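**Student:** One letter stands for each residue in the lines below.
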Amino acid sequence: MAYTDKTRGIYTEVLTGLKNAGLFKQERYIHSAQAADIEVEFPAGAPLKKVINICANNYLGMSSHPEVVKAAHEGLDTHGYGMSSVRFICGTQDIHRTLEQMVTKFLGTEDTILFPSCMDANAGVFEAVLTKDDVMISDRLVHASIIDGIRLCSAMHDTFKHSDMEHLEEKLQLHNDKRLKCVITDGVFSMDGDTARLDKMVELCEKYEALLFVDDSHSSGFIGKTGRGTHEQYGVMGKIDILTTTFGKGLGGASGGCVSGRKELVEMCRQKARPYLFSNTIAPPVVAGVIKVLEILSASTDRRDKLESNTAFWRKGLIEAGLIIKAGDTPIVPVMLFNAKLAQDVSRDLYDEGIYAIGFFFPVVPQGQARIRTQISAGHEIHHLEKALEAFKKVGKKYEILGKSKQEIIERYGM
Amino acid sequence: MDEMQEIIKAYVIKEYVEDDTELTYDSPLISGGIVDSFSMVSLKRFLENKYNISIPDDKATPEAFDSVNKICALVREYVK
Ligand SMILES: Cc1ncc(COP(=O)(O)O)c(C=O)c1O
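Residue numbers (the numbering used here), protein chains in the order written: chain A, 1 to 415; chain B, 1 to 80.
Hints in this document: simulated from the structure, not taken from any laboratory. Please read all numbers here as calculations on a predicted model, not as lab measurements. For each residue, glycine too, the CB sits at the ideal point set by N, CA and C. Be careful, since some hints might not be right.
[Stated by the list, open to error] The calculated PhoX-like cross-link candidates involving lysine-lysine, where the alpha carbons are at most 25 Å apart (straight line), are:
(1) A:K393 with A:K316
(2) A:K50 with A:K326
(3) A:K161 with A:K326
(4) A:K178 with B:K59
(5) A:K161 with B:K9
(6) A:K132 with B:K9
(7) B:K14 with A:K200
(8) A:K178 with B:K50
(9) A:K161 with B:K80
(10) A:K207 with A:K326
(11) A:K225 with B:K50
(12) A:K178 with B:K14
(13) B:K14 with A:K161
[Stated by the list, open to error] Residues of chain A placed beyond 12 Å of chain B at every Cβ, according to the derived structure:
(14) C55
(15) T104
(16) I147
(17) I150
(18) H162
(19) T226
(20) R348
(21) P366
(22) G368
(23) E381
(24) K397
(25) E400
(26) Y413
[Stated by the list, open to error] Cβ-to-Cβ under 10 Å is the rule here; a few derived chain A residues that face chain B:
(27) T131
(28) R140
(29) R151
(30) M156
(31) H157
(32) K161
(33) S163
(34) M165
(35) L174
(36) R179
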């Protein structure tokens, strides 16, 4: 047997190292559908506990929306369970193309191509449209899936300091001799909840004739007046050359992603992107579900409006309670605790109070910036948020962090 | 050649150091996590423009870029 004790030992040592460093990720089993109220088994084998979920990407509360569930059932009946093929052999149904067209209209682009996930979209798109004669200039805080896509592409790669437009301009000048330049950013940054300054970025890209890539996974469906995304908020719809997003968050929560943008670039992905060519696309019931999500969101802004008011309520409540949050107006609201152990302790105590929120610390966020990332949903009612605020106040009081400055918290608990 | 050390150090600080980390000519840049290996590209291009040289890609390794002094040594190989 090739899997010898020595081999096994190598892996157990690594895993033990993760456990000892407090970096081992333990999953919690949810026995209900995804929603504001869930039932959780944690740790494994413990009795089920009813808790309020404030850490899902279920921004619009679509994950278990009855009309979406119904549409998915119907999709299953009319189009079956799966395609047993990639798109270009015999894996494209009418509803796949319908969804692509609906996304194009919703995002205000020229064309769209579906991917199995947004991770796959990001992993495949750069290699499909850029060559070694080109340069990619990315924000230093872009999502991990974009980093992987950049690694797979032969174009030169450089970075600019997070949201620093002067630095970006210097980089555009430095690389002005390249055939194509592509500026790469998240629309909303998932760890801090801040938005990219797309108006300024479009201006720079026009000045230096660069392509603009935006991953709007944490924006599609709710950022902007009608929820089209960060480009709507900044008044630059139609000016994003490559927009990627996921159907695994606001737009339904199941799975799937896409590249939407200039039609030639989308066609390049159809011809060349490896995760598109070599992996099955989104399954029919999920496609039917996403179609329903887009119908609902196109017909009314009620859900994104509710998310907006819930978010305002939540941010105000946390500030009034004396907690430190990252400023902004997106539904990603990080409660800053700075110290990794403190973040884990607060998360555990919140759970005891019936609130499910996870601590994030190095290496997911920079050293000394540990936090609890809370995420608000249109599926929350005010009573959920009130209960969660009470829990934060109670736990905050226990650790004596309410009303304390960053310095005071760090002095007491360390970085 | 002290001038070259100063120029390169100042560039690294401006470009990569976002807090008040102290930097010496021997501070490990890449292995020390100050410069990520992705961002070496702009450092290489900066050196090439500044000193009017061309550093072959296979010489621009993370090891060769790992401190201000090592970078100076590399650049000197190519300055005429
Ligand atoms: C910014 C960003 N892009 C892409 C993804 C990946 O999305 P998907 O789950 O569709 O692969 C995520 C999800 O974590 C994300 O946060």
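**Student:** At 12 Å, judged by beta carbons, does T104 (chain A) keep clear of chain B as stated?
**Tutor:** holds, 32 Å
**Student:** Given the hinted pair K225 (chain A) and K50 (chain B), is their alpha-carbon gap at most 25 Å?
**Tutor:** Measuring from Cα to Cα gives roughly 47 Å; hence the hint is violated.
**Student:** Close enough to count: is the Cβ of R140 (chain A) nearer than 10 Å to one in chain B?
**Tutor:** holds, 8 Å
**Student:** Are K161 (chain A) and K80 (chain B) close enough, with their CA atoms no more than 25 Å apart?
**Tutor:** Cα-Cα ~33 Å, so violated.
**Student:** Measuring from the C-beta of K161 (chain A) to each C-beta in chain B, is the shortest one below 10 Å?
**Tutor:** Holds, because the Cβ-Cβ distance from K161 (chain A) to chain B comes to roughly 7 Å (cut-off 10 Å).
**Student:** Given the hinted pair K132 (chain A) and K9 (chain B), is their Cα-Cα distance within 25 Å?
**Tutor:** violated, 29 Å
**Student:** Return the status of the interface hint for T131 (chain A): holds when the least beta-carbon distance to chain B is below 10 Å, violated otherwise.
**Tutor:** Constraint on T131 (chain A) not satisfied, violated at 16 Å.
**Student:** Any CB of chain B closer than 10 Å to the CB of R179 (chain A)?
**Tutor:** Since the shortest Cβ distance to chain B is 15 Å, the answer is violated.
**Student:** For the hint on L174 (chain A), does the least C-beta distance to chain B fall short of 10 Å?
**Tutor:** Since the shortest Cβ distance to chain B is 6 Å, the answer is holds.
**Student:** Minimum C-beta separation from I150 (chain A) to chain B exceeding 12 Å: can you confirm that?
**Tutor:** violated, 8 Å
**Student:** Take a quick look at whether K178 (chain A) and K59 (chain B) sit within 25 Å of each other, Cα to Cα.
**Tutor:** holds, 21 Å
**Student:** Would the non-interface assignment of C55 (chain A) survive a Cβ cutoff of 12 Å against chain B?
**Tutor:** Answer for C55 (chain A): holds, closest chain B Cβ roughly 28 Å.
Violation of the numbered hints given earlier is confined to hints 2, 6, 9, 10, 11, 16, 17, 18, 21, 22, 27, 33, 34 and 36; the remaining hints are satisfied by the structure.
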